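Order-wise, the sequence lines are chains Y and C.
Number 360 in the numbering used here belongs to position 273 of the first sequence; there are no gaps in the numbering.
Number 286 in the numbering used here belongs to position 59 of the second sequence; there are no gaps in the numbering.
Quick caveat, the hints were computed from the structure, so don't treat them as lab data.
None of the values given here were measured: they were computed from a predicted structure.
One thing to keep in mind: the hints can contain errors.
[Unchecked claim] Below, simulated EDC-like cross-link-like pairs (lysine to aspartate or glutamate); rule was C-alpha separation at most 20 Å, straight line:
(1) Y:89 with C:326
(2) C:294 with C:359
(3) C:294 with C:259
(4) Y:89 with C:359
(5) Y:290 with Y:263
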Amino acid sequence: MKTRYFVPASIVVLILGAVAPRIVGNGYVFYAGFIALQYVVIATAWNILGGYAGFVNFGSGAFVGVGVYAAVFLFNALHAPLWGQILGAACVGGLLGLGMGYLTLRIQGVYFSIGTLALTTVVSTVIVNWSFVGAARGATVMAPHPKIWFPDVVSYVFFAMLTMAVLSVAIARWIERSWIGRGLAAIRADGSAAECAGVPTLKLKLLAATISGALLATAGAPYPYYASYVEPDAAFSINYALNALAMPLIGGTRNWTGPVIGALLLSGVEQAATVTIPSEINLLIVGLVLIGFVALAPDGLLGLASQAIAWGRRR
Amino acid sequence: MSETILAVRDLSKRFGPLFAVNDVTLEVARGEKLGIIGPNGSGKTTLINCITGVLRPDRGAVVFDGKDVSSWPAYRRARLGMARSFQIPRPFVGITVLENVRVPLDYVHRPHDAAVRARELLSLVGLEGRADHPAEALTHLELRKLELARALAAEPRLLIADEVMAGLAQSEIDEVLETLFVLNNQGVTVVMIEHIMHAIMRFSRRLICMETGRIIADGAPQDVGKDPEVRRVYFGK
């Protein structure tokens, strides 16, 4: 999508998201929409490190959970407003990404992934033992009624998540098209050849890990307001880690539209499925679909689409 | 012109018990055309990897342009003016041929007309028709050309060409040699590793022969070519 279409389209989406709560009476739309948009943020954020740079992060749950608990902490300690909670979560998530990157990005491929898997356990253990944010009992967060415009809390956090989704897609799109994106693609293809072409690979990987971590955390930050009650098991759920990598892989990792498509698809299917089947089976289905894509369509739906177009041209 | 651009001092690199490079000392003058020959496994590429920072040597120093770059990461050496091609092409798959050439342009010099420069470089090596194809769509020969274009994009002061001509047709070898001669005339120091003897004899003004990690001959190409030790290890006579 060209920039002269992308920018107006983003603005239109934001305006629609702001106006909708005054028009659409059905609260379920915003309940479900919040999750879909949260998935868009998570998939897009994951893809910056996992897709563009090729470092598969299994620790997305840690980042989302840190975002959730940064918000809880800021609410409990300072009664910070929602935007303050999101900003705080972004800072903590970015720092966590930087730290994780510094410790693990020198190691290659699968070792990196295993390192990130351990991160979720480490971080959730800290939270489980920290009583100020509720420890294992969980924390109740009674969100104040929005002061302006929005009729209720759910539509307010829906709009906040919509803003984050638009923002993270814009960031991912910018990275993809800039020198940063080309540098990350070079790293993904061949780290030492990238170095020889002048790419400071470690710095660039750390940058990608920081941005990715910050955005993942912002996906968690509005959750306490949304759910009013959070507990470590939900905040650090393995679902986040699995979905975060499933969505870009299903949609396609090479450009920003892939994770968005994957996120909307997966959240749509999940919404339909949760009504009819238990969540464990839901997880199983996501896992199977993921394996199918990795084995049969490693470039995701977008890859399949471009193959189909190429095939059509040849005939 | 006799000023030294690259000095390698007492450099050793071992892999387990094997000395891939064993106590090599070498000076390259600014503007020189240096050829390196040697049988497979004689340590040529390992030496290049140590010079460019891809590998860390166990001992020894690399001085480039008067600076001791021994502890520098590869990207800083590249930014100081060292560029190389890889013996086995290592394209940046997943992005286009044009974007491949943009990477060194973006990260080494950042010219304001990078997009134009990238296309010029591609037509220099004859890949202009492939600019918008993904790198993985190229043939092996085209990948070699891309290696060269990417190395040239960094506008190096020292260009290390590791078998850029292997597998090329005679007319293409002539083109590559012509490109290298032109660059050298502009002041670029060229180090060429090559198995194609007539090409390296034509190009270099000084020739080094390596064997089991050591330099066994160093001098004018004709003299090195006649050296009995070189003939024994390299030509099998």
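Hint check results:
1. Y:89 with C:326: 18 Å, holds
2. C:294 with C:359: 39 Å, violated
3. C:294 with C:259: 19 Å, holds
4. Y:89 with C:359: 18 Å, holds
5. Y:290 with Y:263: 17 Å, holds
Comparing the model with each earlier hint shows a violation of hint 2 alone; every other hint is respected.
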